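The listed protein sequences derive, respectively, from chains D and F.
Note that the working numbering has the first sequence beginning at 48, numbered continuously upward.
Note that the working numbering has the second sequence beginning at 834, numbered continuously upward.
Since the hints were derived computationally from the structure, they do not count as laboratory data.
Predicted, not measured: the structure shown is a model, and the values here were computed from it.
Mixed in with the good hints there might be a few duds.
[As the list claims (entries may be wrong)] What the simulated footprint calls covered on chain F by chain D, stretch by stretch (three residues with Cβ under 8 Å from a Cβ of chain D suffice, anywhere in the stretch; the number is not a length):
| no. | region |
| --- | --- |
| 1 | 883–894 |
| 2 | 988–999 |
| 3 | 1019–1033 |
| 4 | 1043–1054 |
| 5 | 1069–1075 |
| 6 | 1113–1125 |
[Said to hold, decoys possible] If you anchor each label on the Cβ, the simulated ranges turn out as follows:
| no. | chain 1 | residue 1 | chain 2 | residue 2 | range |
| --- | --- | --- | --- | --- | --- |
| 7 | F | Thr-1063 | D | Val-247 | 20 to 28 Å |
| 8 | F | Cys-1064 | D | Arg-93 | 22 to 30 Å |
| 9 | D | Ala-183 | F | Val-1028 | 44 to 52 Å |
| 10 | F | Arg-1003 | D | Gln-79 | 35 to 43 Å |
| 11 | D | Ala-178 | F | Leu-995 | 20 to 28 Å |
| 12 | D | Gln-213 | F | Leu-870 | 23 to 31 Å |
| 13 | D | Gln-79 | F | Lys-1085 | 53 to 61 Å |
| 14 | D | Gln-79 | F | Gln-1040 | 25 to 33 Å |
| 15 | F | Asn-975 | D | Ala-183 | 23 to 31 Å |
Ideal placement from N, C-alpha and C gives every residue a C-beta, glycine not left out.
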Amino acid sequence: MDKFRMVFQFLQSNQESFMSGICGIMALASAQLYSAFDFNCPCLPRYNLAYGLGVLLVPPLILFLLGFVLNNNVSMLAEEWRRPQGQRGKDAAVLRYMFCSMAQRAMIAPAVWVSVTLLDGKCITCAFCTALPLEALGNASHHGLPQGEVKRVLARIPCKEIYDGQELVANEVAVRYLRCISQALGWCFVLLMTTLAFLVRFLRPCFTQAVFLKSRYWSHYIDIERRLFDETCAEHAKSFAKVCIQQFFQGMGKNLVATQCHPPRKAPTDAGEASEKLLGITDWGTMNTVLKSWHRCKPPLHLHPAAPHSSNGWAREWQPPTQPHTQPSAPRQEAVAYYSGV
Amino acid sequence: MDRFRMIFQYFQTNSESVMNGICGLLALASVKIYTCLDFSCPCLPHYNMAYGLGIMFVPPIALFLCGLILNRQSLVMLEEWRRPQGHRRKDLAVIRYMCCSIMQRALVAPAVWIVVTLLDGKCLICAFSGSVDPKKFVGFANATLAQAQEMLTRVPCKEDELMRNSTSRRAVSRYLRCWSQALGWSILLILIIAVFLARWLSPCFNQAALLQTRHWSNYIDIEQKIFEETCCEHSRLFAHQCILHFFESMQKEIRQHSFNLPREKEGEEDLLRGITDHDQVNKLLKMWYYEKPPLDVSQVTHRHPLGQERSPPPLAGSCGARSKFTQHTHV
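Excised from the complex, chain F in its bound form:
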């Protein structure tokens, strides 16, 4: 249980590991989608190539865009890039660093899709079965060109009545799958070598600048998060003050309309805030809907948390000194 909590806290605090988590999930999702997908090659002359290459390249584009959308840091980077300069200089190296790290993470899922597609082989078989040289295979060598072409386009469909028991079909299929898997493994090897080199050679070049850019990109990310949290906290306090102010103004209005003498507050009645009647409650709720209070808590009265005697309202100037969250905002 503790370990679980620690893992969650780790993921929460370190936004980089959140992004790595999302990247991993997307890669797993891409494998899962590929296995769930029912690949059915049309086995028709021009459609094969379109379908095969389409399945190989269109989902990676969608996965890449998904990777960018789900990554919070891409928005942060874009805001940093587009913001007016103001009092704070913009550092292009930081923006470039953030862009690189976002792209790297977003490219993982498409790369996984392409590699899995190639290693499986169905896409390439479907796309290029019509482009194979029929003379290389015994069963097609004796047929006319048109017949051979038609038979080749049906190679990806195992259950097709024409090609069901053809050994040449299996030969072509094996041939293409061999090429496909070779391509897949080569791409995987190249990618891994590239990543390896990037990671191991980068400290040799300009490590100090890298440390700086990484620090400041982390800083921008954290600053954004804390700003959002502070805004949330502020709006909560603002709402709290606004509602208290509303209840107090209702109480004042009720006092003005009735002929009662001032009385001491005690315990439970204090929580009632002077609203002790069916009609008063109805009036309060009606006022809340028809006339919401203005977004201005600068005149809020000072109240002790335990509902003791109310001290007189502070002077206008001292409001700001009490808490920075009582600054008012007009809509």
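Excised from the complex, chain D in its bound form:
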């Protein structure tokens, strides 16, 4: 656990290595997903193409969208894009930078899937076995079979157990040919992707370095500001809840004392801090009333500043918050209620 935390800290401290780590993990996950996937070519004339191309192209699309969904910064980008301008201008370069960096990261898993699929060869073998050039590879003219029948026979190439066209074209020859084409495509795709990545990364400092530094700074800033704002709101909510609940207990304690027929039992003066913390709720019946009240009638989201030494101050607490002004208070009371000015 400790080791895991340390690895995580190491990756997080250096922003660049964190991103490289994420990219590596996504690439490995995509390769693992492919190897776990059980490829089953249908070996029927038109279904082969649909299945092969489907397995080649649909999972990358899903992985690409998943890359966006799992990225926390997508909501940040959307918020920054859609917010009203207000007092702060919007910079299109920052939005473009954020989108580009998210898209680049989201493209890694699909690219790895397509590469691994092509290098493995099963998809292309399945999809294009009916398009095999019989003239070059087999006996095109000696079979006398109609076109449809030829296609049906060729479609069974990926399924060695049921293949019945050895006279037409040998299964191994066909599979080798198709796999060779597939691997060639795969390596070309890998080369293309790495060349693109190289150009994107290395042409930038030659042309737009100053704009890049600006966009990077402000996109980090937006991210940090959002996180700090969330933290500040969380702290505020905690304090709000604490004061609200404290005031609720105090209010209940005082209310119950006021409605009881007999004079309140005062705690002995030497009981100390513990009895103060009990806030006047010291028996089973009282506690049950408090709990029932918490469930049936939660206090309004409206804090009054504490006035611990006044005895009649709480009568005003339960007035509805829409009253515009409080009565002038007794001289020893320092606090007044806040009312929303909205």
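Starting from the known structure of chain D, arrange chain F on it as the hints suggest.
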């Protein structure tokens, strides 16, 4: 545990060793990819050469580009090369040194791939089986040229029905593999001798200049890293001030709209920053979305960290004296 932490810290602080680590990982990855790759020679006349040489040379190009992309120092070098001169002179020797060290590291993985390919032998067998002289081998000497050519192109495919039990196939295969491995070991030897000479002879030539260029290339790298860290730190402080300022301005606005008397702050209420109502919180959140505050913290009020009594806002001039991070920036 301690040793683990030390290793991590070592890798983190020394960027050169980070790059060496990446270089090593890439070399291991290249070996792993080669072993995972299902090599299947097409055993067809023109396709063999294309496939064999393709597998030998295309992945190294991709690995080389990957090595350049993953190396942080290549971006640093490029920025140093392309930057306007400004107040700081550019030293071409430093840029050349950085370029050399980047190239050396990026060439490791491709070299490993090529050597592993040659030592394994399948690529060369596939590419050159059709170019072998059939007269050297007993099984092919009696066949016509066309037949011999066809049989030779099928040599790389062991399971091919035509060549399954042919001893001549095995002979050709061994012959080509022998050449392939000889080539592989020779290349490895040449590379290692070249590296050895480069490392041991370089101190004999111009060591002082080398020390200088190495120092300044390290410096540029570290300066870049520290600049990025400082920017991050600055944006964090900026955001902190901006948010505090926002909360305070909301508090002021609420005060202006309500008829309350000024009161002393204490403890928990101070953290609430005067926002103590459901509607006030909603208003704050709505303002945050609809009207984000301007990126200007030059008027931020001075606050003690423990939330004691607020001192009056400083004069405009004294803001700069408090901390260099409160300099404002307008978007």
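Here's how the hints hold up against the structure:
1. 883–894: Our answer is that it holds, as 7 residues pass the Cβ test (under 8 Å) against chain D, meeting three.
2. 988–999: holds (count 4)
3. 1019–1033: n = 0 at 8 Å, threshold three: violated.
4. 1043–1054: violated (count 0)
5. 1069–1075: As far as the region 1069–1075 of chain F goes, the hint holds, because 5 residues have Cβ atoms under 8 Å from chain D.
6. 1113–1125: holds (count 10)
7. F:Thr-1063 <-> D:Val-247: 20 to 28 Å: Cβ of Thr-1063 (chain F) to Cβ of Val-247 (chain D): about 26 Å, so the range 20 to 28 Å holds.
8. F:Cys-1064 <-> D:Arg-93: 22 to 30 Å: violated (57 Å)
9. D:Ala-183 <-> F:Val-1028: 44 to 52 Å: holds (46 Å)
10. F:Arg-1003 <-> D:Gln-79: 35 to 43 Å: 38 Å Cβ-Cβ, so the 35 to 43 Å window holds.
11. D:Ala-178 <-> F:Leu-995: 20 to 28 Å: holds (25 Å)
12. D:Gln-213 <-> F:Leu-870: 23 to 31 Å: holds (28 Å)
13. D:Gln-79 <-> F:Lys-1085: 53 to 61 Å: holds (56 Å)
14. D:Gln-79 <-> F:Gln-1040: 25 to 33 Å: violated (49 Å)
15. F:Asn-975 <-> D:Ala-183: 23 to 31 Å: holds (27 Å)
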